[in-house]
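These protein sequence lines are chains A and B, in that order. Taken in order, the first sequence gives residues 1 to 137; the numbers are from the working numbering. Taken in order, the second sequence gives residues 1 to 366; the numbers are from the working numbering.
By construction, these hints were calculated from the structure, which means they are not laboratory data. Misleading hints may appear alongside valid ones.
[Unchecked claim] Dumping the calculated DMTMM-like pairs for lysine to aspartate or glutamate here, alpha-carbon to alpha-carbon at most 25 angstroms:
id : chain 1 : residue 1 : chain 2 : residue 2
1  : B       : K343      : A       : E26
2  : B       : K343      : A       : D95
3  : B       : K343      : A       : D86
4  : B       : K252      : B       : E98
5  : A       : K18       : B       : D71
6  : B       : K279      : B       : E314
7  : B       : K343      : A       : E74
8  : B       : K272      : B       : E305
Keep in mind it's a predicted model, so treat the numbers as computed, not measured.
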Amino acid sequence: MSRHVVCPAAELPPGARKVVVVDGREIGVFNVEGRLHALLNRCPHGGAAICSGVVTGLSQSSGPGDYRLERRGEFLRCPWHGWEFDMATGQSWCDPRRTRVRSFEVKLEAGSDLVMGPYVAERYQVTVEDAYIVVDL
Amino acid sequence: MNAPFIEQKGRQTLAVVDCDIHPAHRTPGELLPYLEPRWREHYETHGVHVRQALPSALMYPRMMAAGMRADSLPEKGGPAGSDLDLLRRQHLDPVNVEFGLLMALSKGGMEERNPGLAAALSRATNDWQIDRWVREEPRLRAGIVVPQEFPEAAVAEIERCAGDRRYVQIMLSSRPSDPLGHRRYWPIYEAAERAGLPIGLHPVGYNGGHPSTGSGWPTFYLQEHYVFVACMEALASSLIVEGVFERFPKLKVVLVEGGFGWAPALAWRMDKHFEKFRKEVAHLRRRPSEYLREHIWWTTQPIEEPAQARHIVEIIDWIGWDRLLYSSDYPHWDYDNPSFAFKFPMTEAQRRMIFRDNAMALYRLA
């Protein structure tokens with residue numbers, strides 16, 4: 001496993017996303033209301049670059065005439081066929097048993113911890129004063 | 001498991017022929033320079049008059065961004081499908097498209113009610129396809145749009161275009177005023193056979209005129225998406241039973257975006273009673289399934305995804321692997337990428353037939 005600094009935290013405020021290339025792989029990094037997610041930018045269903053999709057919730061119903069949008073901000077909807085994936089786990093809502101978008105551990109780390117570590121800084125000069133988004137591969 | 005799909009390369013190595021690409025106008029006035037002055041003035045003053053309900057009643061956005069792949073809007077503006085450069089970068093190059101067949105749906109005259117305007121819009125759309133797309137991108141081929149409700153004018157347009165090999169088929173809407181086996185459409189088939197061009201049937205957006213199912217209007221888009229099948233079934237049986245293929249034995253018809261899983265069931269049902277109904281349809285000399293298998297080709301998108309992948313293989317075994325043609329439907333939301341969409345086992349020979357060789361032969365693309 002290798003750890004990669006993908007950007008300073010200031011570049012990924014809540015509501016923002018970035019597609020970064022780590023070890024030759026395109027990975028979308030999301031900040032949804034402070035929760036960080038990192039997903040491979042490839043839909044396992046149809047092959048789309050999924051990380052340009054809409055961040056959404058689930059439409060739920062107890063029967064005809066009742067519609068609720070729940071778990072807002074927890075799902076990523078693919079820009080082609082609309083398959084929805086749980087951003088925390090990568091699990092598919094449409095085919096939970098067999099289909100999963102690859103997800104990676106992602107954390108906010110203080111620069112003071114990073115400058116010591118066995119980390120691979122992709123493009124950033126890490127400074128002690130700032131915080132960074134770090135993805136584990 | 002999904003691992004094999006993730007690990008597949010992003011680029012398609014086998015060259016493909018894509019039988020369904022939708023080019024769009026960059027601006028609402030894009031067709032004007034291609035219209036004769038008399039019809040340009042008419043178009044600007046009165047607009048088109050197609051069989052549709054109130055514009056605000058149109059069933060969009062249809063799942064995604066106005067029915068389009070949400071990532072297909074050109075950076076420089078304009079609607080999805082209007083930017084040739086983006087079509088190349090997003091589809092033709094990475095998917096390795098050797099030939100791409102245009103299906104020009106917008107304001108083509110197929111559904112226009114005014115006969116003169118329908119003919120003028122068809123001419124303009126055909127010239128526009130060549131001028132803006134095929135001339136610029138040699139991998140693309142045009143389909144002849146015709147004013148199909150006015151067969152005499154449709155024949156004139158087929159004859160105007162047919163000598164030019166950049167046009168590889170004749171396009172008809174699968175939402176006609178009458179079932180397409182009706183004799184008033186036969187001059188179109190005669191002209192198609194004479195020109196040696198297949199007929200491509202494609203659903204055109206608005207379902208005007210008739211409810212889109214035989215028993216009324218659907219409530220949800222999920223139903224509407226499915227009814228492309230219902231209209232294709234009605235047209236296939238109409239062409240067969242009314243005797244179109246008996247009269248025009250060289251006619252070839254491609255059903256685009258209407259599915260194919262239903263083909264065996266339709267044929268079984270028609271064959272079952274054929275002998276008993278012989279007196280009613282004495283003009284048919286062969287069983288309905290024989291016309292279906294000999295004269296009809298099917299595009300793949302949106303490919304079915306049954307839980308048991310082998311079920312789809314059995315259906316294709318029945319239809320014939322030489323009858324299926326890969327199509328993407330770019331830039332529409334239910335786009336099929338050839339590297340990912342086909343989740344059933346195929347031999348290398350079958351893959352080559354579906355993705356390339358069947359279309360190369362049918363459309364004489366080589």
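Structure-based check of all given hints:
Taken as a hint, the B:K343 and A:E26 pair is honoured in the structure, with Cα atoms around 24 angstroms apart against an allowance of 25 angstroms. Simply put, B:K343 and A:D95 have alpha-carbon atoms about 14 angstroms apart, close enough for the 25 angstroms limit, and the pair holds. Restraint check: the Cα-Cα separation between B:K343 and A:D86 comes to about 23 angstroms, which is no more than 25 angstroms; the hinted pair holds. For a cut-off of 25 angstroms, the pair hint linking B:K252 to B:E98 stands: about 22 angstroms separates their Cα positions.
Using a Cα cut-off of 25 angstroms, the hinted pair A:K18 and B:D71 holds, with the two alpha carbons roughly 15 angstroms apart. The straight-line distance between the Cα atoms of B:K279 and B:E314 is roughly 34 angstroms, outside the 25 angstroms bound, and the hint therefore fails. The straight-line distance between the Cα atoms of B:K343 and A:E74 is roughly 28 angstroms, outside the 25 angstroms bound, and the hint therefore fails. Distance hint between B:K272 and B:E305 is unfulfilled; the C-alpha atoms sit about 28 angstroms from each other, more than 25 angstroms.
Of the hints listed earlier, those the structure fails to meet are numbers 6, 7 and 8, in rising order.
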